[in-house]
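These protein sequence lines map, in sequence, to chains A, B and C.
Per this note's numbering, the first sequence starts with residue 212, numbered consecutively.
Per this note's numbering, the second sequence starts with residue 8, numbered consecutively.
Per this note's numbering, the third sequence starts with residue 1164, numbered consecutively.
The reader is advised that the hints may include incorrect statements.
PhoX-like, lysine-lysine: derived pairs with alpha carbons at most 25 Å apart [what the hints assert, rightly or not]:
| # | chain 1 | residue 1 | chain 2 | residue 2 |
| --- | --- | --- | --- | --- |
| 1 | A | Lys305 | A | Lys317 |
| 2 | A | Lys591 | B | Lys42 |
| 3 | A | Lys305 | A | Lys446 |
| 4 | B | Lys42 | A | Lys330 |
| 5 | A | Lys330 | A | Lys301 |
| 6 | A | Lys317 | A | Lys301 |
Chain C side only, calculated, beta carbon under 10 Å to chain B, not exhaustive [what the hints assert, rightly or not]:
| # | residue |
| --- | --- |
| 7 | Val1213 |
| 8 | Ala1254 |
| 9 | Val1256 |
| 10 | Ala1306 |
| 11 | Ala1310 |
To be clear, the hints were calculated from the coordinates, so they are not data collected in a lab.
Heads up, the beta-carbon is just placed ideally off N, CA and C, and yes, glycines get one too.
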Amino acid sequence: MPIIRTLTSFLIRIVALIIVILVLGLIAILAAYYFIGPSFPLTPSMLINPQEAIAFTFALMDTDFFRIVVFPGFTFVALYAAIAGLWERKLLAKIQLRVGPLYAGKFEGILQPIADVLKLLFKELVIPRVVDRFFFIAAPLLTVTIATAAIAVIPVTERWVIARSDVGVLVIFAVLGFFPITALMAAWSSNSRYPMLGGLRALHQMVAYEIPLILSVLAPVVFAGSLNLIDIVEKQSSIWFALLAPISALTFYICSLAELERIPFDLPEAEPELVSGWLTEYGGMNFGLILGIAVYIKLYVLSALFTTLFLGGWLGPQPLPPEFWFIFKTFIVTTFLLIPRGVFPRLRIDLLLRQSWAVYFILALINLVVAAAAVLGGFKL
Amino acid sequence: MRGMASDLLLILLTAGFAFAASVPFLIIPILIAPKNPNKPKETQYECGQVPSGGGKFSLMMQYYAYLLMFVAFDVMSMFLFAWGISLYTVGLSGFLAVILFIGILLIPLGFTLYHAARRELW
Amino acid sequence: MVDVAFAVLAVITVISAILALEAKEVVYGAIALALSFVGIAGFFALLDAVFLAMFQLTVYVGAIAVLILFTVMLVRREQWLKAKEGVHRAAGVLVAIVVALGLGYLVYASTIATVIPSVEQAPFTLIGAQILTEYWLAFITLALVLASAVIGAVVLAKLERD
């Protein structure tokens, strides 16, 4: 009977899934062994003496492994991405006078991201026969990989940063330069017209708005005198750079809307025109990787960068810890990046490109020159 | 100066971990999701019509000038970064050199935008 | 450790550069070219010139590789020319090997044969300071070259359209 056949094949697949998860868990434990040290200090005496366990936990939190995997690293960003996804849908719903996801979980649909991930995992991974298989599967993986590389230099506090690089700001630009390549790869590999058109539009838009983004970051760098993101935050202890260089902050905000392909710069994904833009041929978890995780990781990177450069990072009044201030400010910036989707119409491609080169580029340059003149004239922080 | 390569190694490790953590997300659907290939699902999507013609083409050649300008201005912004961090040591003469640099590079920008506005194409 | 990283980067760079020329699909070749640029940025990072490595990644991979990829996607396959099989290809490979051996011998017999990892390095703020004070003439010439390149490209596009 067909129902029994599909049921047994389904059960076989679930068993295979459990085996794969166990094997991956084993690899993770071995990796933890390797990173933490040759003498893995989990001893049975920790069960009796809790002080040792506490000391071990604190020592674990200072290692690079913990930072990459858990706190300012991948798990934190993935959780932020999930929460931002739910928050976007609820926010848009409230703007459009509806309710948003309501049924998953007891309280206002709070388990919706988990439901979405589970649904996408169970969907068929359709790979059309005419696509270039290698690039079709590699492009979403590369996008997630490159977006995560940028979170390594963003400081949540002075303690919680993965890589204290002296060229931190330039790492972000190097990472942003990779995104047109992955978008073009994804568009070209799906051998079809809608993705090609969407991919070209995405390329032109991302490329045109990268220059004003780079120039608007230069004003805080000039004020702080260093490219290290930790130094930039520490120099803002008297006054935030958003008040000293407001036009740069505004330009950065608008250019991040364009880099994230959000409305009003939604043309690569224009729903009534291009079906789904350069994502048309993607289905199942392939789609979830690009549209779900990578876009929200980029959202986190740009919001955290805005907070670090213009809003004073983790500095805030004392009774609340600095980590809270950073997350709070980043969340407010994310809200402001999500709101235009419910408010603005979409810009046409030639108006979009001409506006970038004619307006935002000049604005960022003006603010840069004024900032440099002020610093040369003796303005010290 | 601490711009050491070990920081870059940490950045590569972060990226590598993200890659390793997203590969299972692609393997799991292959294992447990159903597989029913049929002809309409496997061709390209053209809103319900039968797809015709090739898929690889370019329709936006008129914006090629913007890509060329991007290359030149990317180099310019990197040099402005090299100036921005050494602002104190360079003083007023360096500032004038940079103003001259930006001024020279604004000429092709104005040229391109003028022709774009005049021909109403770009 | 440095030697291992150097060997890995060298293999990646050279193989992707060879792939960039020899790949059957030209788009694969363009992506391989971008990979070889990333390898060169890795070399800069090994020599502790981190600023230059980021510069290379932003300009070469972020701008030039994108431009090459976009251009390569537009050309149809029958328009590409390749060297004929046989004598021409063998002669080309032979010349490449001879040049590589000669350059390798020159480098190996000179003083730059080993990477010395612990020399006192100049801070990269010095790059900007030197460009603007000592080498300002080269800086302004750079601006003129870039400006003329852009204006030339736009004029050529206009002439072709008219």
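Checked hints:
1. A:Lys305 <-> A:Lys317: holds (19 Å)
2. A:Lys591 <-> B:Lys42: violated (65 Å)
3. A:Lys305 <-> A:Lys446: Distance of about 38 Å is beyond 25 Å: violated.
4. B:Lys42 <-> A:Lys330: holds (15 Å)
5. A:Lys330 <-> A:Lys301: holds (19 Å)
6. A:Lys317 <-> A:Lys301: Cα-Cα ~15 Å, so holds.
7. Val1213: holds (4 Å)
8. Ala1254: violated (34 Å)
9. Val1256: It is violated, given that the least Cβ distance between Val1256 of chain C and chain B is near 31 Å, above 10 Å.
10. Ala1306: holds (4 Å)
11. Ala1310: holds (5 Å)
Hint compliance for this structure: hints 2, 3, 8, 9 are not met, and every other hint is.
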